[in-house]
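There are 2 protein chains.
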Amino acid sequence: MKKYWSSRIQNLVPYTPGEQPKDRKFIKLNTNENPYPPSPKALEAIHKEAGESLRLYSDPEGVALRKALSKAYGISEKQIFVGNGSDEVLAFAFQAYFGVGDTIVFPDITYSFYPVYAEMFGINCEIVPLNDDFTMPIDKLIGNNNGVVITNPNAPTGIEMSQQDLRRVLEGNPDVVVIVDEAYVDFGGTSALPLLEEYPNLLVVQTMSKSRSLAGLRVGYAFGSENLIQAINCVKNSINSYTLDRLAIVGGAAAVGDQEYFEKTCSMVMETRERTVQRLKELGFQVLPSKSNFIFISHEFVPAKKLFAQLREEGILVRYFDKPRINNFLRVSIGTEEDMATFCDVMEKLVRQS
Amino acid sequence: MKKYWSSRIQNLVPYTPGEQPKDRKFIKLNTNENPYPPSPKALEAIHKEAGESLRLYSDPEGVALRKALSKAYGISEKQIFVGNGSDEVLAFAFQAYFGVGDTIVFPDITYSFYPVYAEMFGINCEIVPLNDDFTMPIDKLIGNNNGVVITNPNAPTGIEMSQQDLRRVLEGNPDVVVIVDEAYVDFGGTSALPLLEEYPNLLVVQTMSKSRSLAGLRVGYAFGSENLIQAINCVKNSINSYTLDRLAIVGGAAAVGDQEYFEKTCSMVMETRERTVQRLKELGFQVLPSKSNFIFISHEFVPAKKLFAQLREEGILVRYFDKPRINNFLRVSIGTEEDMATFCDVMEKLVRQS
Chain U
2 MKKYWSSRIQ NLVPYTPGEQ PKDRKFIKLN TNENPYPPSP KALEAIHKEA GESLRLYSDP
62 EGVALRKALS KAYGISEKQI FVGNGSDEVL AFAFQAYFGV GDTIVFPDIT YSFYPVYAEM
122 FGINCEIVPL NDDFTMPIDK LIGNNNGVVI TNPNAPTGIE MSQQDLRRVL EGNPDVVVIV
182 DEAYVDFGGT SALPLLEEYP NLLVVQTMSK SRSLAGLRVG YAFGSENLIQ AINCVKNSIN
242 SYTLDRLAIV GGAAAVGDQE YFEKTCSMVM ETRERTVQRL KELGFQVLPS KSNFIFISHE
302 FVPAKKLFAQ LREEGILVRY FDKPRINNFL RVSIGTEEDM ATFCDVMEKL VRQS
Chain F
2 MKKYWSSRIQ NLVPYTPGEQ PKDRKFIKLN TNENPYPPSP KALEAIHKEA GESLRLYSDP
62 EGVALRKALS KAYGISEKQI FVGNGSDEVL AFAFQAYFGV GDTIVFPDIT YSFYPVYAEM
122 FGINCEIVPL NDDFTMPIDK LIGNNNGVVI TNPNAPTGIE MSQQDLRRVL EGNPDVVVIV
182 DEAYVDFGGT SALPLLEEYP NLLVVQTMSK SRSLAGLRVG YAFGSENLIQ AINCVKNSIN
242 SYTLDRLAIV GGAAAVGDQE YFEKTCSMVM ETRERTVQRL KELGFQVLPS KSNFIFISHE
302 FVPAKKLFAQ LREEGILVRY FDKPRINNFL RVSIGTEEDM ATFCDVMEKL VRQS
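From first to last, the protein sequence lines are chains U and F. Position one of the first sequence corresponds to residue 2 (our numbering), numbered consecutively onward. Position one of the second sequence corresponds to residue 2 (our numbering), numbered consecutively onward.
Hint data in this document are derived by calculation from the structure and do not stem from the laboratory.
Since copy identity is lost for identical chains, a pair holds within one copy or between any two.
With a Cα cut of at most 30 Å, we get these calculated DSSO-like pairs of lysine-lysine: (1) Lys23 to Lys42; (2) Lys292 to Lys72; (3) Lys68 to Lys49; (4) Lys26 to Lys68.
Let the sequences and hints guide you as you build the complete structure.
What follows is the structure, encoded as structure tokens:
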């Protein structure tokens with residue numbers, strides 16, 4: 002019994018984020034950050050705003066940022082919610098659509114924050130296994146539930162679900178909300194945004210932490226029907242009116258406005274990814290087909306856990322999940338061309354030594 | 002029935018923050034912002050951080066900020082939690098200490114976000130009336146509850162509760178958490194921080210939005226026993242690992258480090274407050290004794306609601322709460338010396354016209 006702790010958190014096991022090293026300098030391929038700096042326009046906007054105006058509250062509705070997103074994606078401002086990173090947006094969405102005692106469905110291998118949210122908010126989970134090839138078990142995501150949560154492309158596998166399959170899930174669950182977490186969609190994936198007009202039960206969540214190189218600014222957003230967006234706003238305004246600070250609002254808006262820089266840096270990450278995949282395959286790695294800014298890899302005879310520890314010794318951080326089915330895989334974020342060349346060289350050495 | 006909305010938010014009435022005008026230029030005395038700019042050292046730290054490093058996640062534990070607070074307040078880092086504004090800190094604290102179906106006690110006239118949190122998180126409220134002179138009803142805050150929440154100095158009255166009375170509340174509720182929200186304490190109030198050593202059930206919440214002139218940066222924090230701080234971290238890490246962005250962490254830390262600027266600007270606000278109180282009393286206003294950066298005023302014959310509307314016409318925003326017992330009061334934030342001279346001039350005109 003934890004004295005003074007409420008019943009809702011007595012048995013809670015929080016999410017563990019990837020390591021943020023403070024002392025030593027690592028090649029950091031463990032938290033799916035973008036290796037390229039944020040758009041110069043985003044930085045310029047932040048510098049311009051960082052003055053006397055910080056004494057005033059930020060706009061609780063983040064209108065400037067929603068306008069920029071509206072323009073970039075061709076979706077009405079009323080269908081856009083902005084928040085303090087997509088983790089917060091997801092936490093609000095869970096509370097907005099899933100009641101205490103409801104049951105939501107998601108795969109066994111996906112973003113490991115979902116079961117934590119569910120436990121936190123008193124929601125039951127029906128966890129369905131991915132197919133043997135790590136693709137989505139579409140039939141198991143349909144019917145007899147109070148909500149569905151899908152990461153697409155999925156994490157940590159990087160595998161994309163087809164739009165046809167997504168339509169099946171949306172049509173098979175017309176009375177509950179289907180959350181599609183598109184944190185990684187900008188690295189070659191196909192967004193569900195064009196489906197918004199057809200499906201009032203679709204919520205698409207995205208983030209500036211990966212493709213916009215702004216993990217340190219904390220900006221996430223959601224697109225959905227006006228009704229779904231009103232529900233998230235109801236939750237947000239019952240918890241914290243001002244979730245986005247002034248710098249995040251202007252910086253995020255400027256980043257969204259700089260389409261050219263966004264496309265260029267995303268392309269660079271994808272090109273490096275393909276070269277890395279090629280080299281790793283030559284070293285005997287299985288590499289799942291990735292549409293994200295990371296790859297999920299497993300070697301034919303060197304255990305992932307061993308490689309994980311050895312890479313750390315060599316000054317390279319990657320992510321290892323000690324969980325059934327994926328405990329012989331490593332998730333490796335795509336860094337710069339140079340970082341990935343070093344990573345492949347080190348991998349080559351480690352595989353040869355084994 | 003709101004389609005797709007969860008049962009927990011079907012009947013929720015969110016908090017309404019004070020107006021943030023976008024079009025017209027007002028003298029803005031409605032949201033208790035500080036009229037002076039943030040510390041130049043805070044702005045300098047933000048400019049220094051606003052570069053390539055924003056591509057990386059922020060420190061989920063906000064160590065740099067907690068170190069600065071630890072040094073400034075002489076309290077161990079392990080006893081400090083930092084979050085995205087004190088509203089978020091309070092929301093996490095409610096979830097950390099108060100379970101579904103628990104009953105918490107707070108006064109009828111206080112920060113109007115408390116009943117919203119309670120409704121959001123399934124907590125029952127026992128709302129006890131302030132005494133007729135708007136002081137705290139100490140006896141009613143003791144016993145037979147699962148938690149107590151006090152704003153001290155109280156809002157929107159500005160009245161401070163004595164440390165002796167606070168001790169009575171803490172001692173009368175040894176098995177539940179007493180949250181003391183000190184958003185306004187730096188304008189002449191006495192903090193409960195020295196009581197932390199004696200009372201393991203005390204959580205003190207503060208913010209940088211008022212006395213540190215950083216409402217637009219979103220930084221709040223809590224001090225408590227290690228055990229209470231661990232509980233809030235458990236909630237935070239089950240909702241959003243990275244609540245503070247990189248700019249808020251460094252800006253907040255630098256602001257806390259600039260003690261001289263902090264003391265100077267707080268003194269200026271207090272001096273202007275006293276001069277304003279004097280003039281308003283001469284105009285026939287009752288002014289509650291304030292230890293905060295706002296005053297709560299009521300005129301002997303001009304209705305507050307009328308003055309509120311007239312002030313807006315004159316380009317001055319103040320806050321009016323259309324609630325029993327206080328619907329003939331206005332809450333007026335203390336602005337610059339010049340703003341308050343204008344405010345008093347306009348009030349003089351309005352009172353004469355009535």
